[in-house]
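4 protein chains.
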Amino acid sequence: MSESSEKSRIEAFSDGVFAIAITLLVLELKVPQADDPKTLWQEILRLWPSLVALTLSFGSILVMWMNHHNMFRMIDKVSRSMMFANGFLLFTVIIIPFPTALLAEYLRSEARQPAVVVFCASSVLNNVGFNLLWNSMLKPVYLVKPEFKRDSILRLTRSVRGGLIVYTIAALVAIWSPIMALIINFSLWVLWISMSLRERF
Amino acid sequence: MSESSEKSRIEAFSDGVFAIAITLLVLELKVPQADDPKTLWQEILRLWPSLVALTLSFGSILVMWMNHHNMFRMIDKVSRSMMFANGFLLFTVIIIPFPTALLAEYLRSEARQPAVVVFCASSVLNNVGFNLLWNSMLKPVYLVKPEFKRDSILRLTRSVRGGLIVYTIAALVAIWSPIMALIINFSLWVLWISMSLRERF
Amino acid sequence: MSESSEKSRIEAFSDGVFAIAITLLVLELKVPQADDPKTLWQEILRLWPSLVALTLSFGSILVMWMNHHNMFRMIDKVSRSMMFANGFLLFTVIIIPFPTALLAEYLRSEARQPAVVVFCASSVLNNVGFNLLWNSMLKPVYLVKPEFKRDSILRLTRSVRGGLIVYTIAALVAIWSPIMALIINFSLWVLWISMSLRERF
Amino acid sequence: MSESSEKSRIEAFSDGVFAIAITLLVLELKVPQADDPKTLWQEILRLWPSLVALTLSFGSILVMWMNHHNMFRMIDKVSRSMMFANGFLLFTVIIIPFPTALLAEYLRSEARQPAVVVFCASSVLNNVGFNLLWNSMLKPVYLVKPEFKRDSILRLTRSVRGGLIVYTIAALVAIWSPIMALIINFSLWVLWISMSLRERF
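Protein chains in written order, with this note's numbering: chain B, 1 to 201; chain H, 1001 to 1201; chain G, 2001 to 2201; chain D, 3001 to 3201.
Just so you know, these hints were derived from the structure itself, not from any lab.
Backbone N, C-alpha and C define an ideal beta-carbon position, used for all residues, glycine too.
Be aware that a few hints might be false.
Unchecked claim - Simulated crosslink set (DMTMM-like; lysine to aspartate or glutamate; CA at most 20 angstroms straight-line):
(1) G/Lys2007 with D/Glu3006
(2) G/Lys2077 with H/Asp1076
(3) H/Lys1145 with G/Glu2006
(4) H/Lys1030 with G/Glu2006
(5) G/Lys2030 with D/Glu3028
(6) H/Lys1077 with B/Asp76
(7) H/Lys1007 with B/Glu110
(8) G/Lys2077 with H/Glu1147
(9) G/Lys2030 with H/Glu1028
(10) B/Lys7 with D/Asp3076
(11) B/Lys145 with H/Glu1147
(12) G/Lys2030 with B/Glu28
(13) G/Lys2077 with D/Glu3006
(14) H/Lys1077 with B/Glu147
(15) D/Lys3030 with H/Glu1147
(16) B/Lys38 with H/Glu1110
(17) H/Lys1077 with G/Glu2006
(18) D/Lys3038 with B/Glu43
(19) G/Lys2038 with D/Glu3006
(20) D/Lys3077 with B/Glu6
(21) B/Lys77 with D/Asp3076
(22) B/Lys7 with D/Glu3028
(23) D/Lys3145 with B/Glu6
(24) G/Lys2007 with H/Asp1076
Claimed, not checked - Sample of chain G residues at the chain H side, in silico, Cβ under 8 angstroms:
(25) Phe2013
(26) Val2017
(27) Pro2146
(28) Lys2149
(29) Ser2152
Next up, chain B with everything else stripped away, as it sits in the complex (with noise of 0.2 angstroms):
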């Protein structure tokens, strides 16, 4: 019971953090100043970037909710240095939206490199947390509830492991060809997305 209050309140807690980090990026739709119609349409439309970095910051963020959710509900105990990871991964999360704003404004530029480059960073550094995250779920204290079978376990290992080896190979393809790595990267997203969706739990 109070083990259960403990890992309620660290949900909590980063359910808060997900949340603001999942809405900062409406801060940069400002209202234009436009006279006629025509003029204000136009404004709207320059908007797009701001509303395309929204949407994928918005996007990526709620999976990687999902993904936080899928870890958690298997546990029922905390760790002290699962805190700490857990911490680790929040930060990797409250930075998506500035590599994301960056891409969005940079893609049809002839600037696009540091931009893809720093965007596919983030995705790593994220990845090394969901996997620090888990790691700490497994060790030095087994977190996981008995009634999760070793075949889940190895399961989930194999996929956190397989997305941090894809998205560093993203991130170093980025340095010579953008495009190629957001493809990888957008790939691995439709994926995850169309095997979820199959999934019932």
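Based on these hints, arrange chains H, G and D on the given structure of chain B.
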């Protein structure tokens, strides 16, 4: 038990997002500069479009939160597709402050039409979100508690479908007659609030 | 059980809104520009009105949160009209940072009067909110737990009514004598805090 | 039961405030303007003080949250004076981003001294907050669960008192030797984190 903790975490995350979206426009209320009482009164009065936007946005997001709350009290399980639908709905909620601020800024201006169209379109998007969320509670997994009978389900279905149709009509009307579109929108609100207050759950 | 989860969700949403409102004025503390220690000290000291505003706003919203908490611990059911009243109260809470910042900015200026009037008016609005919330807990549906007896109900009723009357007088006084109005306001705070600390619930 | 719901509401509100404070400095990461990859890289690298500030502020607020969490898991009741003490502590938490950003901005500048003094003073204030909170859990009402024995109470008391003394010394040292003060501060952090990781609760 585990299922109900799943559900409370989705609610907690959603509540965080609603709480941020509902307070966002407060940031627009900036302390004005003035040297004497008369000028300060004038500067404070010039903030009225921001105050109208804040009130409208607060009111509509509060109503959305109540509808969300209403749907969630009918279920006791969660599903992956419901989590995606809920994510989409939250996205349509966090963007509400932007079209509302746009509307408040341009309501009395020549450039009114784009602002009203965008405002009505955001209402349509939000109603699409509520329809998707409600669908995802009925299938592929039926999440509704057995105590809710067929006719209360049907009533809610009819209400979300009806809302979507009327808001879509309002958005189309907005292209030719912005004022008429706003009248339709606000009539729906008054209707909904008066109906809500009569119910005693 | 279902009823109490309803109640906790309203509390969670309200807590989120309170948490955002209470931290909002931190955004006004911007890192100043300076080239040597002496100038930097001067620039830091020039931030004092922002710091005063932050402290005042934090203090008063904390007190509001405690009053809200106090009312909610007396009920174990929810009603639709209580949800509307709670929504209105939250609205009066999120605007608090604005009049407080206005007050801190203009307290020592010639243009003091409008700032004090707006500040006192926002207190009145907030007290109207607490009165509506408390009314909505007594009727149309009586939501208070049976363990709370008639005299504690009456005491709370008298206290919210009394607060509204005194704050309204302060707001009217503010039009002619801003300083006198502030003295009334802060006396009430000191009274309330000293009374609270004597209680031991 | 009622008591424990009182406690969870204070935790939920505190978690919301912590979550906002911890993400606040993300708002400083603004997308820079550039026309070619090289300039964009330079502009991104110029964001380093903001990134250092964000990391420091995130790290220290995370540690504060863990300490807060640690104290609250020892109690199962609430008192009015504990709520005031908790409010004061939260106030010292939300201002952390400001001195941290100040430190990051002026660390390599001539004007370092005021920034370090303010940073150390904010640590002192925060430690005062933790001392007041812990005191308020011991008296006037003793809120600690009976399962926590005299020696773990004493250990925590000694730890919060010791922290306050060392941080106060660091703040005084900062007036003459900013660098020495920072070394004291960060040594305490490293000590605390390494001690925490050894514990396995």
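Check your understanding: Is lysine 2038 of chain G close enough to glutamate 3006 of chain D, meaning Cα to Cα at most 20 angstroms?
Key -> Judged against 20 angstroms, a Cα distance of about 48 angstroms means the pair is violated.
Practice item. Below or equal to 20 angstroms on CA atoms is what counts here, so check lysine 1030 of chain H against glutamate 2006 of chain G. Key: 36 angstroms, violated
**Study point:** Straight-line alpha-carbon gap lysine 7 of chain B to glutamate 3028 of chain D, limit 20 angstroms
**Key:** 31 angstroms, violated
Exercise for review: Verify the interface restraint on serine 2152 of chain G: the C-beta must sit less than 8 angstroms from at least one C-beta of chain H.
Suggested key: 25 angstroms, violated
Point to revise | Given hint phenylalanine 2013 of chain G near chain H, where the shortest CB pair must fall under 8 angstroms | key: 4 angstroms, holds
Review point. Taken at face value, is the distance from the CA of glutamate 1110 of chain H to the CA of lysine 38 of chain B at most 20 angstroms?
Key: 10 angstroms, holds
Exercise for review: Could you grab the alpha-carbon distance between lysine 2030 of chain G and glutamate 28 of chain B and see if it respects the 20 angstroms cut-off?
Suggested key: 19 angstroms, holds
Exercise for review: Quickly compare the C-alpha distance for lysine 2030 of chain G and glutamate 1028 of chain H to 20 angstroms and report which way the hint goes.
Suggested key: With a Cα-Cα distance of about 17 angstroms, the restraint between lysine 2030 of chain G and glutamate 1028 of chain H holds, given a limit of 20 angstroms.
Check your understanding: Is it true that the CA of lysine 1077 of chain H sits at most 20 angstroms from the CA of aspartate 76 of chain B?
Key -> 19 angstroms, holds
Review point. Do the alpha carbons of lysine 3030 of chain D and glutamate 1147 of chain H lie within 20 angstroms of each other, as the hint requires?
Key: Given that 20 angstroms is the threshold and the Cα spacing comes to 51 angstroms, the pair is violated.
Check your understanding: CA of lysine 1145 of chain H to CA of glutamate 2006 of chain G, is that 20 angstroms or under?
Key -> Roughly 15 angstroms between the alpha carbons, so the hint for lysine 1145 of chain H and glutamate 2006 of chain G holds.
Review point. Against chain H, with CB atoms and a cut of 8 angstroms, does the hint on lysine 2149 of chain G hold up?
Key: 25 angstroms, violated
This entry does not satisfy hints 4, 7, 11, 15, 18, 19, 22, 27, 28 and 29, going by the numbered hints stated previously.
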